[in-house]
Each structure stands twice: as structure tokens, then as C-alpha cells.
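Peer 1: So the sequences go chain by chain: E and G.
0 is the number of the first residue of the first sequence in numbering that gives the first Met the number 0; add one for each residue after it.
0 is the number of the first residue of the second sequence in numbering that gives the first Met the number 0; add one for each residue after it.
None of these hints come from the bench; they were simulated from the model.
Yeah, the Cβ is synthetic: ideal placement off N, Cα and C, and Gly gets one too.
Be careful, since some hints might not be right.
[Claimed, not checked] Sample of chain G residues facing chain E (criterion: CB under 10 Å; computed from the structure):
hint, residue
1, 7
2, 10
3, 11
4, 13
5, 41
6, 43
7, 45
8, 52
9, 57
10, 102
11, 187
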Amino acid sequence: MKEMKRYSLTLTVNNETHAVVTPPNRTLLEVLRDDLQLTGTKEGCGEGACGSCTVLVDGQPVRSCLTLAVAMEGRKITTIEGLAQGGKLHPIQAAFVENHAIQCGFCGPGMILTSQALLNDNPTPAEGEIRRAISGNVCRCTGYAKIVKAVQSLAGEER
Amino acid sequence: MKLPPFEYLEPSTVPEALSMLDAYRDTVQIIAGGTEVVNRLKLRLISPDYVMNIKKLRDLEGIVDHEQSIIIGANVSVNEIRDSSLLQHKYKAVAEAAFQVAAPPLANMGTIGGNILQNTRCQFYNQSEIVLKGLEVCHKRGGAICLAVKGGKRCFSVYLGDMATALIAFDAQCVLEKSGARRTIPIIDLFTGQGTQPLSIESNELLTGIIIPKQNGAYGSAYRKLRVRGSMDYPLASAAAFLALSADGKIAASRLVIGASGPAPRIVAGAPAALSGKLPEDADFAAAAEMAYELSEGVDNLALPGDYRKKMVRVFAQRALQGARTDMKRGM
């Protein structure tokens, strides 16, 4: 194995800064889970197809499994742990619970963050817009109907 | 899956990037959005000594409306192309292609430069190290056999980019820069047609921008794509069409391009002769689509059977021509 330089990074995750020392060949997903113990972000396929590793970077959903951690300095990263405040679920999380939009829960963090990015850009999305926005997040349990319903329940609400 | 070891380069200017490419030529892999390169690294299809991130090069951003052309920076994300009202109105095929690239979060990461410069794919190649260990070494991996075509003397891997096919319908060009030199070539010339080495870009060159020439008069365009899951997936057959009409409503110029049909996007060379001087009608579109069918390679190396994909090239070529006609009527 080649001896790699290690990088001292300052990452902003959920409005907190974290100092991380890492070689360059690590993904944002690995750093979030293994270094920062933010294990809410899930690894599914590991190749960008399933969306379970979705986090928000500067408010936009990205695949953390395809993102180099070393490229993330200066960016604002939001993980699922960043939504609930003071022990109270974020309205999107609450809507997912209320609408039974979570079964096994593995797609939940990515699905919720993708929905949040949609609602931030477009507070009153139509059903088709919701379906399009979450089309990169695979759920094998719910059949999507309840997820769409959960997001629709928030359309137009203040968050 | 873990990434292989590499050293990381992050130039902050284009000249700095070009001198790094010179210094580390043949040992450096450029990365922008990462959606293709990170997967290739994880699968060990490539193991470069250096990975150079060009995402912070501000000079490669922006969609600029010039008098004679539109210039798109290589780092412009696929979603920015999709959302550009300029492209949606005047270069519909390009916006439609962007709309159909992967899924929104991936198109948010992926850049137009990276989408164009993606490598060819094959189900006997885009596999993990473990799977590939169990397969004979094919042309794409430096061997002398093809696992998709028995007795195949060359590599039949398929180019699955969406953007290039649509851009070629507009005869778009790309700007390639290296230290001390710069060349502008038609995007179609970026492709060698060889599955093993599909791109003609040199290892010390950087794709910096895309130039789409402006069109005048009545014209329309469209991009159509077959995929298994409408929400994501590479194309399994695709076509882009451009039609321009003269004052009498007859076709004055046309271009039909097919994708996902071989190691490069292909211009259907006979289409303009079949369409020129005629009214844009389905019967003539069908004749051009038949030529697209003849040109496509139907090989069993992707998710759907090759002969089905070849037939669907004909269907999607026809639909792209019809889509271009609809776009034109709207614009007249």
C-alpha cells in the first residue's frame, strides 16, 4: 500500500465544525460514520444508485458515498442528525412517522433529507414534483405512496 | 467499498491544473462531480497515482449567451443545464438530455464535462474485482477476447453518455486546453469509436468548455432515451434530432444522432438526404429511423437484450424526430 499524505480538514456538519485527519482516499460517508460517529447516514449500494447515503451539501442532496471527504472543506453539510432540535423531531421527520412512511427505516435518512431539500426550494410541490425529487432514493418497503403522502402533508406548512 | 490509495491534487486555476496534468501525465485521473470516477476507482477499474479535483476551478463555470454561440463551462452541473431557461427554449434536446441523466441528486453532482468524457460500459467490465477475477481478461482490460460477442476481435463496450448525443445534434464543439495550446474540435471528434480507448482527449488536456452554435429561423430539437427505471439508469438506446425548416415549411437541415448503440455516439449520415426538401412527416422520419437501426450495434452486454435495444433505437430515433417537429412548431 502506498504511503499517503494525511489531510487536516475542518468540516462543517450540522452547524458544528469538526477537525478530521484523513488520507484523501476516503468518502464523506466513511468520515461521517467512522470518524464523526454520525451513523444515521447509511451505506446501501456504495455506488450511488440507491440514495441511502444522501446528505445535504450546501442544501442540495448529494451521494456521500461518491463524494471525497477531502473536497468538502468550506461546504455546509447536513446529516439526518442535524434535523431534530432539542429532542424534538423536525416536522419532516414527524410527518414521516405520522404517515407511516418508514418501515425498515434504511432509506429514511436519505429520503427525509432529499424531501427537505425539495421543500426548501419549493414549499408547495405537486405530487409529480415530489415523485421526481425522490426518484433517486430507493425504498424497498413502502411502495413510496406513504412517503409521497408524508411530504404532501407538509406542502405549504411553515418549517 | 474502499477507494484505492492515491495522492490528491486540487488546483485553484486552469494554468495550475494544466501544469499538474503535464507533470503527472498518464498517472493522474481528473475528477469533477465524481459520480463516474469514484465508482471506477472503487471497482479498481482505474488505480491512478494522483486524483485531481477540478471542481474548484471557477473559470469552468457558467452558461454564457454570446452573439454567435452559447458557451457552457465544463464544470456546469447537469442540473444547471436542465434548469437553464435558455437551453430549454433554444436547445431543447440538450435540456431534455440533462433532465434524463441519472436521478436529480446525481445530476446535481455530475458535470457536463464529466458526462461527456465518461468511459464506455459493459456488463462484463463494470464489475467488482472479485467478479472480474472470475472472468477471462477481455479487450477492455487489455486481453484479446470479447465476453459479449463470441469471437469478437474488438471491444464492444457501449458509450452511455446522454449529453454528447444531444450536443452533437447541434454540431456542438468542445474546447481542449493544455499548457501553451488550445484546440476546439467538434464533440463528435472526441470519440475514437474504439471500445478500449473511447476518447481522443490527450492525457495532458483539460476539457474546459462546450460551444453550441446559435441557430436561426425555424428549428426544433429533441432527445429520447430508453431506460429500465425511468427515475435513473443509463440509456439503453437513445436518439437526438435537430430539424430546421425553410420558409416553405420544408426541411432545410437536419441531424439525427444515436447513443447507447456502440462505443461512440453516431451521426446517422444518410438522414439529411432522406429528409431534406421534404415536409416533416412521419413516413420520411421512419426512413431516417431505419438508417439509425442499421447503424446501431445490438450487443448483449447491457441490461436488455441487444436485438431489442437495436430495434428500440429505431423507435427512439423516430420519436426524437417527432419531438423535434413538435418543438419547432412551438417555436415558430
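Peer 1: Next, verify each hint and record whether it holds.
Peer 2: Against the structure, the hints come out as follows:
{"no.": "1", "hint": "7", "verdict": "3 Å, holds"}
{"no.": "2", "hint": "10", "verdict": "13 Å, violated"}
{"no.": "3", "hint": "11", "verdict": "12 Å, violated"}
{"no.": "4", "hint": "13", "verdict": "18 Å, violated"}
{"no.": "5", "hint": "41", "verdict": "7 Å, holds"}
{"no.": "6", "hint": "43", "verdict": "12 Å, violated"}
{"no.": "7", "hint": "45", "verdict": "13 Å, violated"}
{"no.": "8", "hint": "52", "verdict": "5 Å, holds"}
{"no.": "9", "hint": "57", "verdict": "13 Å, violated"}
{"no.": "10", "hint": "102", "verdict": "3 Å, holds"}
{"no.": "11", "hint": "187", "verdict": "28 Å, violated"}
Of the numbered hints given earlier, the model fails hints 2, 3, 4, 6, 7, 9 and 11; all others are met.
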